[in-house]
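**Student:** Listed below are the residues making up each chain.
Protein chains: 2
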Amino acid sequence: MQASAEAWHNPSAPYRDAARVKIRLGAVRARLAEFVGCAPEWVVFTSGATEGANAVLAHWAQALPVGARVAVNPTEHPCVLEPVKKLFGERIVWLPVTPDGVVESEAVKTVLKTEAVAGVITMAVNNETGVLQPWAEIARCCMLAGVEYLCDAAQWLGKLPASGLGGAGWVIGAAHKFGGPKSVGFIKIPVGAESFRAQLGGAQQRGYRGGTEDLSGVAAMVAALAEAEQKKVFQEAERLRWRAQFEQAVRAAVPGVRVIAADAERLWNTVSLLMPHTENHRWVVRLDKLGFQVSTGSACATAKEGPSHVLAAMGFAPDEANRVIRVSSGWATLETDWNALAVALGSLENEFRADNSNVIKI
Amino acid sequence: MQASAEAWHNPSAPYRDAARVKIRLGAVRARLAEFVGCAPEWVVFTSGATEGANAVLAHWAQALPVGARVAVNPTEHPCVLEPVKKLFGERIVWLPVTPDGVVESEAVKTVLKTEAVAGVITMAVNNETGVLQPWAEIARCCMLAGVEYLCDAAQWLGKLPASGLGGAGWVIGAAHKFGGPKSVGFIKIPVGAESFRAQLGGAQQRGYRGGTEDLSGVAAMVAALAEAEQKKVFQEAERLRWRAQFEQAVRAAVPGVRVIAADAERLWNTVSLLMPHTENHRWVVRLDKLGFQVSTGSACATAKEGPSHVLAAMGFAPDEANRVIRVSSGWATLETDWNALAVALGSLENEFRADNSNVIKI
Chain U
1 MQASAEAWHN PSAPYRDAAR VKIRLGAVRA RLAEFVGCAP EWVVFTSGAT EGANAVLAHW
61 AQALPVGARV AVNPTEHPCV LEPVKKLFGE RIVWLPVTPD GVVESEAVKT VLKTEAVAGV
121 ITMAVNNETG VLQPWAEIAR CCMLAGVEYL CDAAQWLGKL PASGLGGAGW VIGAAHKFGG
181 PKSVGFIKIP VGAESFRAQL GGAQQRGYRG GTEDLSGVAA MVAALAEAEQ KKVFQEAERL
241 RWRAQFEQAV RAAVPGVRVI AADAERLWNT VSLLMPHTEN HRWVVRLDKL GFQVSTGSAC
301 ATAKEGPSHV LAAMGFAPDE ANRVIRVSSG WATLETDWNA LAVALGSLEN EFRADNSNVI
361 KI
Chain Z
1 MQASAEAWHN PSAPYRDAAR VKIRLGAVRA RLAEFVGCAP EWVVFTSGAT EGANAVLAHW
61 AQALPVGARV AVNPTEHPCV LEPVKKLFGE RIVWLPVTPD GVVESEAVKT VLKTEAVAGV
121 ITMAVNNETG VLQPWAEIAR CCMLAGVEYL CDAAQWLGKL PASGLGGAGW VIGAAHKFGG
181 PKSVGFIKIP VGAESFRAQL GGAQQRGYRG GTEDLSGVAA MVAALAEAEQ KKVFQEAERL
241 RWRAQFEQAV RAAVPGVRVI AADAERLWNT VSLLMPHTEN HRWVVRLDKL GFQVSTGSAC
301 ATAKEGPSHV LAAMGFAPDE ANRVIRVSSG WATLETDWNA LAVALGSLEN EFRADNSNVI
361 KI
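These protein sequence lines are chains U and Z, in that order. Count the first sequence with my numbering and you get residues 1 to 362, in order. Count the second sequence with my numbering and you get residues 1 to 362, in order.
Next up, chain U with everything else stripped away, as it sits in the complex:
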């Protein structure tokens, strides 16, 4: 709000107030670069991770050698999968995932040795299951092999330390995933990407993205990231403990429930539950009435037909995928919230089980 009131001038205009906006914009960029661990000139502000993914993949399609193939994790977000399918089609090598949905770095190494790929795509954290990918190790393999690497860090940023992402090739993030405003995000470009153009137009952002820069938006994004980086990302252990308690309580209250990717490293904020019965929308609707807002999958995928592509890639059958609910928490979620949700799940379980028995009797 302060930036919006004081520093609304177009940073590319030739008068002094505009020059001051440009300086503030540079300071915001430098601060973000410091958290991520890169040079400020490698930060390109965008309107979000969807723009970021579309722009990076359009660049790859132009800048990689003709006919180049790319290795892709099949559990990526739709904003990565849709453009990569459109632009690379038959030239995609699908990376194998474990039943927990992990792309192991050994699998990437094998693909790099056996298939002539020019780029690798794995997200940092899966948005539906919370499963962590070994992105730092994969980034290193790609660097050693001299191939491009794209890391969608939208779910990671603000929840675990950003440090290290600076070395991970192309990185995309979205502010609203960590408390910043919607319609703001960034791309961290790698060294030597001078020909990258997210949008053609003015010479803003060294030409990487034409269009008037939004100081208030990016300042809010970096303020939100700074708050998380300085106070929150180190509280992981406590959050993991609350989640473990929740999972234990749900297992006790809902016999036959399965925590998706239970044995994999997962981000503290997400639990994906395969319910033993009853379609997931029914759980979501009843939980909503009890005051709990849970999802069935990615909100970006909700409007689409068909079960989750993430669960399909992990080997779940469609009828299983349709029983999966996704619980996401934020820094404001407390231990008592997790406990209350477990209780609610237990009471719905009793109700649904009774309903199901009645149906069978009739």
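Keep in mind the hints are simulated off the structure, nothing from the lab. Just so it is clear, the structure is predicted and the values come from calculations on it, not from any experiment. All C-beta atoms, glycine included, are put in the ideal place defined by N, C-alpha and C. Be aware that a few hints might be false.
As the list claims (entries may be wrong) - DEER-style ranges, computed between Cβ atoms:
1. H277(Z) x G67(U): 56 to 62 angstroms
2. E279(Z) x A39(U): 33 to 39 angstroms
3. D100(Z) x A39(U): 42 to 48 angstroms
Given chain U, put chain Z in place with the hints provided.
**Tutor:** Relative to chain U, chain Z alone:
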């Protein structure tokens, strides 16, 4: 701020608070559609006019027949010119402009008759000179000829009535041009553009643009437009009178000054002045110190080398273009502001003229 506090939920999520956000988003879309004069489903929210221009032209490059040519006004904004040059290159037919920078509808008709173009591009108002293009008439010609039409209405919206733009093929706008936030804009798509995709990803906005919708951003945009449409766009006559007074005063105070496109219909907010001597940056710097923020050209073009492409297309020589300053006003600019600027220009004129005489003497 209200939308941001109350309705921050992802509108695609499956719980009721999210559904409420979706309803509010639909109401904002419908209100914008009403001002523009189109069906709500033809409004696609974007991150601004630069994204809009890039997306529409990328769509044309894919959707128009192979080898299709497009007719383009050479005074378009860089966000239109750069992608169209990249995507259509030698397949561009440059539209002729009058010395005032106007693309006459007769010229468009001639091109439509003599050249097999599949699309026409003319902005509504030029951003450097304020010159109005006969976009409604051009839109009608294109519709009758069955060719695509793109109208960059970024400078028009909020300053003159939006009504009628709904019938003008593809229209792009940017919120920050009429008092809304930066990083928000829209595209008005034409009938039959179902295959248009600004960004691939989720199924948001009927699939036209994947990515989480930004209710607070678009609500602020439409609130700003509504304020202009309901209170301001009818105050044109008074504003034109203030500008005429200003131009008269500057002509008296600065002998030899020339108002660019003086005889053309121009938007009330812009005056482009060809100064009789002294490079434009010197005027800008001295005016800035006197409290007046004027520009040399488009802020989007400021960081680039070379004189304005707009002035070049109008037949101005580079040394003339380098003496042009652009004065833009807003709804908050008063008659007294215009008068004060004329006085300031007069006093700088005396000073610069004395300096120049001294230089000649030495």
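**Student:** Against this structure, judge whether each hint is valid.
**Tutor:** Cross-check of the supplied hints:
1. H277(Z) x G67(U): 56 to 62 angstroms: 59 angstroms, holds
2. E279(Z) x A39(U): 33 to 39 angstroms: Distance hint for E279(Z), A39(U) holds at roughly 35 angstroms.
3. D100(Z) x A39(U): 42 to 48 angstroms: 46 angstroms, holds
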